[in-house]
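S.K.: Here is how the chains run, residue by residue.
Protein chains: 2
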Amino acid sequence: MDTSLEPAYPEVAPGARPDAAPLANPGIGASVRRIEDEALLTGTARFLDDLQVDPLLHACFVRSPHAHARIRAIDATAARAMPGVVAVYAAQDLYGEITEWRMPLGFPLANLPADTTPFVLATHEVAFVGEAIAIVVASTRHAAEDAAAAVAVDYEVLPAVADCRAALEPAAPPVRLGLASNALQEYTLSYGDCDAVFADAHTVLQEDFHVHRGCGHPMEGRGVLARPDPASGELTVWSSTQLAHELHYTIAMMLGHPEDLLRVVTPDVGGGFGVKFMIYPEEIAVPAAARKLGRPVKWVEDRREHFVSAIQERDQYWSMAVAVDERGCVLGLRGRMVHDHGAYTPQGANVPYNSASSMTGPYVVPAYRLDVAVAYTNKVPVATVRGAGYPQAAFVMERLLDRISATLGIDRAECRRRNMIPAAKIPYTKPLKSRAGVPLTIDSGDFPALQARALQAIDYDGFDARRQASRARGLYRGIAVANSVKPTGRGPFESARVRVQPSGQISVYTGALAMGQGIKTTLAQICAGHFGVAAEAVQVIAGDTAFIGYGMGGFASRQAIMAGSAVDQASARLRRRILDAAAVLLDTLPDELTLAHGEVVSRSGTGPSVALARLAMLLKGVPGYALPVPGDPGLDETVHFHCDAQAYAGASHACEVEVDALTGAVSIVRYVAVHDSGRIINPVLAAGQVHGGVVHGIGNALFEWMGYDDAGQPLSTTFAEYLLPTAPEVPDVEVIFQPSMTPLNPLGVKGVGECATIPVAAAVIGAVEHALAGQGVRLSEFPLTPMRLLECLDAADGPDDIAPAGGRA
Amino acid sequence: MDTSLEPAYPEVAPGARPDAAPLANPGIGASVRRIEDEALLTGTARFLDDLQVDPLLHACFVRSPHAHARIRAIDATAARAMPGVVAVYAAQDLYGEITEWRMPLGFPLANLPADTTPFVLATHEVAFVGEAIAIVVASTRHAAEDAAAAVAVDYEVLPAVADCRAALEPAAPPVRLGLASNALQEYTLSYGDCDAVFADAHTVLQEDFHVHRGCGHPMEGRGVLARPDPASGELTVWSSTQLAHELHYTIAMMLGHPEDLLRVVTPDVGGGFGVKFMIYPEEIAVPAAARKLGRPVKWVEDRREHFVSAIQERDQYWSMAVAVDERGCVLGLRGRMVHDHGAYTPQGANVPYNSASSMTGPYVVPAYRLDVAVAYTNKVPVATVRGAGYPQAAFVMERLLDRISATLGIDRAECRRRNMIPAAKIPYTKPLKSRAGVPLTIDSGDFPALQARALQAIDYDGFDARRQASRARGLYRGIAVANSVKPTGRGPFESARVRVQPSGQISVYTGALAMGQGIKTTLAQICAGHFGVAAEAVQVIAGDTAFIGYGMGGFASRQAIMAGSAVDQASARLRRRILDAAAVLLDTLPDELTLAHGEVVSRSGTGPSVALARLAMLLKGVPGYALPVPGDPGLDETVHFHCDAQAYAGASHACEVEVDALTGAVSIVRYVAVHDSGRIINPVLAAGQVHGGVVHGIGNALFEWMGYDDAGQPLSTTFAEYLLPTAPEVPDVEVIFQPSMTPLNPLGVKGVGECATIPVAAAVIGAVEHALAGQGVRLSEFPLTPMRLLECLDAADGPDDIAPAGGRA
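Residue numbers (UniProt numbering), protein chains in the order written: chain W, 1 to 809; chain B, 1 to 809.
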């Protein structure tokens, strides 16, 4: 990455659909600086642990050390007597506070039994190491931790099962008492006549793949601060979450707390990555304890807790066959995928469905059949992490395309091009439906063009010279390209309220949620363009239920689309109202007026003007006097932008690596990410998300390994064991936007957040395999740690039949 | 008043316009019990002084002991050193906190210079006894008071002027340094050819009248609690005010505080009566001190402070002549009125204008000319108290009608009837405009019918027998009737937001303000009728800026009209949305459905149903899933009801008194109040307001005397000196509603709050004069305390020419 002080301006190629109507909003398209950064850079940002409420109590949780056990008894007598301890609450101590004891299913519309979610605190059974059993509240965190260790839980240890394939064996012990089967779901996604195409195919290839478990690991873990006001009954809950309004709903429902007396606020959030797209038991237990005590209580997750209680992802075993014709065109895919869901289904079972339904990516696959088995295991529950099942599927698909290329002797890029959905066929509806039952329609894009741009940018054709230079230095060099597409901008809606205050301040309130990606800047920019002010003149309040009545939050690469469109429409409405009102006051026509620098001025530059502040003061109304212009008072417009269709964002990543066969070290020497993200609101911010997504994908591909032993004991609970990529492991990433405008929203924007993560493992591991092509190494899994790569090299059965010569080979 | 536990149900006569369309809302018209009362009766209501914020500091103010003085120096050294004292801030100590130092003019559209309002804290001059100079903050109120006494202020005492007539003399000292004249305003209201009608009149009568100064005296005085959150910058201000949103605006503006970081909340408010229809210096100084200290600070006005710093009213001197024809019909009125405005104009100069423009009341006056002089004096500033200038004018007009009756030998009621605007001439536009420049149009009503009903109810014709019975007991008995009309429902708008929560709770948020009159019950009742629930199932949050973005508040008998209509319309819209959404879910037509007991049910009683709670849960949206019905999410509707025309509410009060000529005691033995308040939403609540208004008027008429000596020193600063009516002084009040529906709002309602106060002094003093008619007593002023009545009797010049025989005499 460019480390100079000036941001590296990414390339924004002309849109693939240059006929798209230009936007009137001059705020869109400029790389304005982030309005978030001054606070972040000067240390005045307020993450959850920075919040000070006086006097404050601190909480920690008693968590299960066993992967599966019956709780016979909990004795907190000693803990309660320890210095500084205010309370120790096990489940039975909070029965009066919590009216709904079982966590709700995050997606209540999913076809799952409701009783597969955990309780707020475990009552009679724990099903994974880390499950919360009791909350300890003390005057300091240290006192709380010491007391938590002194809570005596009498466990009857039960058999556990850690591997999802083993969990599905008939003799496997139940992951939870009373489960008739550890199979949460078994279903088949299919279309076309798979058996027929396999029977008639020119070539059939078969391979097994495994994607290992990993975590989200935002820089800031989870955290909750609850402040009750015993006199008024008001309860304010701050949480480092991606879902402020859903948390408001859930706390009100589970604590039986009046909605009017509850406010949920998200402070600065240090990353989410899907981990915080969940309502967690701790977010219920902390407010319950605080309300019961009548005092503010704060809990901040430590890193070890994140490893054992924040949701995880990725565990999947695929056994796939592909049928192709003589040109390498895929005729059909079939196989089985086993997905590890951990001990509970707090959010439903959307991840395996996403993997299963997205496997074909940007490619044409005439026939498809995937048997899906979703298994409970005695591990941390699984829900969405950035990409939400797509990276696994892309990895499997792209590996299969490499197998086809190798078998039929077709260049890997050419093989992909032959299989791609051509631009002329878009919009393209896949013969599958989303888990919500909606057809999967790729609304816009040009996948072959994205790949061509990536190959050009990485100089695919000039690879051989670089390979030879590396070999001269004793290193193996490889190159690969991988493609993906993801629907972005999940609905059903997002809210935006734009208000001009009597001070002249322009405020934007939204149900969207800022978690580090710069969404406040993006929204301020969209709003500012309508009012003729700089983005930093707009105040954005996101994820605070006091300011807007409904909202969704941040997930599924949706915010620029959904919140951006809502802000755009609310701003446009408010601008129109301002011009209309000013025209009455100034005795002119609205069309003669425009907005500049916080004033309504005449377009001609010669007429009278009125400051926004004065207009807002007049329109708020003076008690007893008529408003100076007809219509509703105030300058305040709310829009709920709704759209259930999703904008498909394509990506083509090209990657070049050097591999040291002696150490197993993989060095990514070149990385090009070409993205169709629709219209780009702020190129630097969008590129920042691509950078982050690529780094996330590199971690997934090469380092991040959340291990469990057979008894369900976690093997990696520190960053010494679970390796995240750091600066030396991260290459410069060349980001190129080659947009096609989606017709699904007024801005023509698509999501970015997850899209850059999806093809990374496929590209990186493809390049490693290409580098080692002469070594007979076949790579069918990730992460590919140095140790694992050395194992693969050791196990390789001799020179491979793929000649490692040139990019095109 | 009826003191039984069951409320006395007032009579509601059929409307004078029975053709008015009936309302579909079954909640309207029933005397449901007040939803406010459980908390009030069980001691769990929270008035300002009940609010507990921990740890809390207490404030009191250093106030001027001089009516006029220059401040040479303020030395707080000793005070700051006293135990428990946290801070003493004079003006210069808060310059950094307060960006606008002068209080804004409450009615900025009034044609007044802006520099006639006080500063937050006096800087170099004080202009009335009680003006705040410094704020003292300490750990207890006692410590703060002790320290306030220790603040050494070096005053140069300046000449003061306490009488408004004296203040207008050329040689009068200026009320404030630099004032070129103590005349704040001098203007003439006039129409018709007054000089001509007086020249040609059958009879011309002339008299001087005086209405003395009084206060508002709500049971709860003023009070402010400000809680800053130094970390977030949020500032929450609780105030016992009638103007939450205007206070929000003013604090933000004067403290330069970001609007988004400010919340104004009104707790339970123990009465307002116009005294709290003001933004006071203390409401700025307390938040400023709290923010500077970073700690919560509370100030609660004590009763003595209320006497010397809460606004006052009523001081007026009228010198009037009336020209009549031989039938006693008024041909013209002319004269001069001098109004005492106190030392500043915090709210503009609306009271004298109200008096001047309302003098003709419900009567036809063909020609009118009133010279108005508004004078500054070194007394507490004047603004609106219940009735806002109308009681003074009604007193003068009704006294003049009595003089006409006496002079021409016409029965007093008949004389009034002859002069009344006949029902057939309504709507009737007076040849005057409001202070906002709007024509004064009486929209509806039948004044002769109201008086006829009052005379019938009090048995005017049977008075003579009662008079003789009283005389047999040594008491003089008199009877009188007085009429008034007041425009009610001042605009420009009021806001209402109605929301159904996922718990099923129906919440109403409004900019209206509850200050004891039962407006929460009224609004709940209006809302409940649309949803098929009881009023107590509706939660009303009034006067909290966190819940609704714009609002006006409680003043000018407006809330049932403005907020009631807003709630009615918002509820109707939400009901329509609910039925439409439920029809989609239940696969039926909206017209097949209705709402009952928190559920949408089929009108036939046989179809499927859906609970409001479930509907609200579904419509809040589930992240990632389409809303189950088309359209915006949520169940939340906001309406700003706006209306600049006012609904005219008429009243006719008949009163009978017994007077003890030895002691000067006046006993009100019968009291009938007939009111046209439009459609009655809750008869018991409306009657309660009439009761309160009559009691307020009785206090004004007979007891309340806010005295000042010539040097501007207040003479009545306790309830031992300033007498309020108590239970023994208050008669049973028979309340009769004889409504005419106003076309100005969808409910047909009119205001009640002030209307019952306006004619009381005229009726009571008219009855006293009637009782003493044989004694040669002419009563031209109020209050008429026993002592003052004895003085009048002593000064009487012998038997009057009015025979005290019978009601009709």
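Don't read these hints as lab results, they were simulated from the structure.
The beta carbon of each residue, even a glycine, is placed where N, CA and C say it ideally should be.
Don't take each hint at face value.
Pairwise CB distance ranges, derived in the manner of DEER restraints [as the list claims (entries may be wrong)]: (1) B/Ala114 with W/Gly605: 25 to 35 angstroms; (2) B/Ser604 with W/Met219: 28 to 38 angstroms; (3) W/Ser602 with B/Ala596: 54 to 64 angstroms.
S.K.: Output the indices of the hints that this structure fails to meet, ascending.
M.R.: Failing hint: just 2.
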